[in-house]
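Participant: Sequence:
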Amino acid sequence: MPDSSAHRFSRSRRAALCLPALALALAVPAAPAIAAPPAPASALPISESAAPAGTGAPLLARMGAPRMTTADGPVWSPTATGFASVPTDELPDGTTGGAGGDTVVVRDADALAAHAAAEDPLTILVAGEITIGDGDMIRVASDKTIAGTAAGGEIVDGGLYIDEVENVIVRNLTFRDSYVAGDWDGKFDDNDNDGIRIDTSDHVWIDHNEFARLGDGQLDIRKDSTAVTASWNYFHDHNKTLGVGWTDNLVTTLTLHHNRFSNVHQRNGSIDKVAYGHVYNNWMSGVSSYGMNSRGGSTMLVENSVFEHAQRPLIADEGSTVHGRGNIFRNTWGGDPAETGPTFEASEFYDYTADDAEDVTRLLTRHAGTTKTPSTERIAEQVSVALDGTGDFLSIDAAVGAASRADHAVEIVVEPGTYTEVVSVWPGAENLTIRGATGDPDDVVITYTWPPTLTVHADGVTLAHLTLENTRDAGSAALRTVVDDTALVDVVLRGTHDAD
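With positions in the sequence shown counted from 1, the corresponding number in my numbering is that position plus 228.
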């Protein structure tokens, strides 16, 4: 970790945020003065006369946001929610992003990077698919709103870096496909590819985005960031989903509400060194390692959320606290949900009304992610996986996750190679087939170091012409079947088969 002095808070930038029951002076250094560049040809300026740019109905209309209200308020809120909404002397309205500045539309990476670095407040509308390349990250200066248009906005093979700034909003964007084939753990030297990375920043609202098949973290909130809200996002088909921490200080304030997690492994989220963490109305379905983890002295309130098909859904380490109420746990294993007793009341900081937990699955199926999310995911009856990029997917895990959300049976054909990853076949993927393309099990090896390598939770699954391997030790499970009708056709096991 870099010298902590590089991340020391400056009190000249803004007034400290007053927190009840804990006197925390939370502030960030001023963003470097970056001259606003001229608008590239691909960035089209828009006049905003009805309201300040980036706020209220005009921006919602340009994003194509539907009108829908729950007990907690509008699904597409015109203003920030959670800790990101808490006012300070410098930000009396909480997080407002580019409000008060101009609005531009960008269609390529150069235009996005130039405008994201501008010194003045600005609303940047992303139109269409923008490929950044090599998983690189575009830096975002203070007082920015970056949002996808009604026609859709996508950041492909790259991400946004929010570093030592304040007052940033990111909405209605899809972050996808920076995954490096074969690096499911995100450990390759060229694969520090996050969707959004927030370092030492304050008042950030991440709302209604979709994250899929990225390299390292989908959303990382790090190094003493404060007043952060992640709401109505959709995280899926990934190993390390949402990480918080990378600091020795206990100052982060964080709200996670109405987020959907599907076919994920770890960090859902990993909540480390969080002074106050409020989690409500989230839905985790398909968690193969652990769900919500309170660690590093964190204080958490988790309410009216749904945890299903999940290992260790809610855990806490020694010295951390977590209080759960109104949550639903279905088909979870690995121990009882953590409970240390009452922690804090989020209503002392901001207004909210948690939706009924019984409504969460329906709400998030329809409304988590971007305006395009509910209608965009499609998977054919037969798809291919190939490490060289010639298939429909680069990882078996991603293909199986998509199959679990399909309304029909899927056959996944795996091209030759060694696939180092954890694969879980979740309920919803009934009658799935995973088969090696050549018919020779030596050609397709699925391997991992932590057992089990492949787990089957769905009925009627067929595994064919594959080698399943676990390298932890001789007695580790290469295959675990939770159901009793899994068909194995010419499958080689290098490890045990654990059948429940």
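It is worth saying that the hints were derived from the structure and are not from the lab. Glycine is no exception: its CB is placed at the ideal position from the N, C-alpha and C atoms. Be careful, since some hints might not be right.
[What the hints assert, rightly or not] Computed spacing ranges between beta-carbons, pair by pair:
| # | residue 1 | residue 2 | range |
| --- | --- | --- | --- |
| 1 | 420 | 615 | 19 to 29 Å |
| 2 | 564 | 637 | 28 to 38 Å |
| 3 | 615 | 364 | 16 to 26 Å |
| 4 | 581 | 410 | 37 to 47 Å |
[Said to hold, decoys possible] Under the rule of at most 25 Å between Cα atoms (straight-line distance), these lysine to any residue pairs were calculated in the SDA-like manner:
| # | residue 1 | residue 2 |
| --- | --- | --- |
| 5 | 600 | 634 |
| 6 | 415 | 600 |
| 7 | 600 | 572 |
| 8 | 600 | 355 |
Participant: Take the hints in turn and mark each one as holding or not.
Facilitator: Now the hints, each set against the structure:
no.: 1; hint: 420 with 615: 19 to 29 Å; verdict: holds, 20 Å
no.: 2; hint: 564 with 637: 28 to 38 Å; verdict: holds, 35 Å
no.: 3; hint: 615 with 364: 16 to 26 Å; verdict: holds, 22 Å
no.: 4; hint: 581 with 410: 37 to 47 Å; verdict: holds, 45 Å
no.: 5; hint: 600 with 634; verdict: holds, 17 Å
no.: 6; hint: 415 with 600; verdict: violated, 31 Å
no.: 7; hint: 600 with 572; verdict: violated, 36 Å
no.: 8; hint: 600 with 355; verdict: holds, 13 Å
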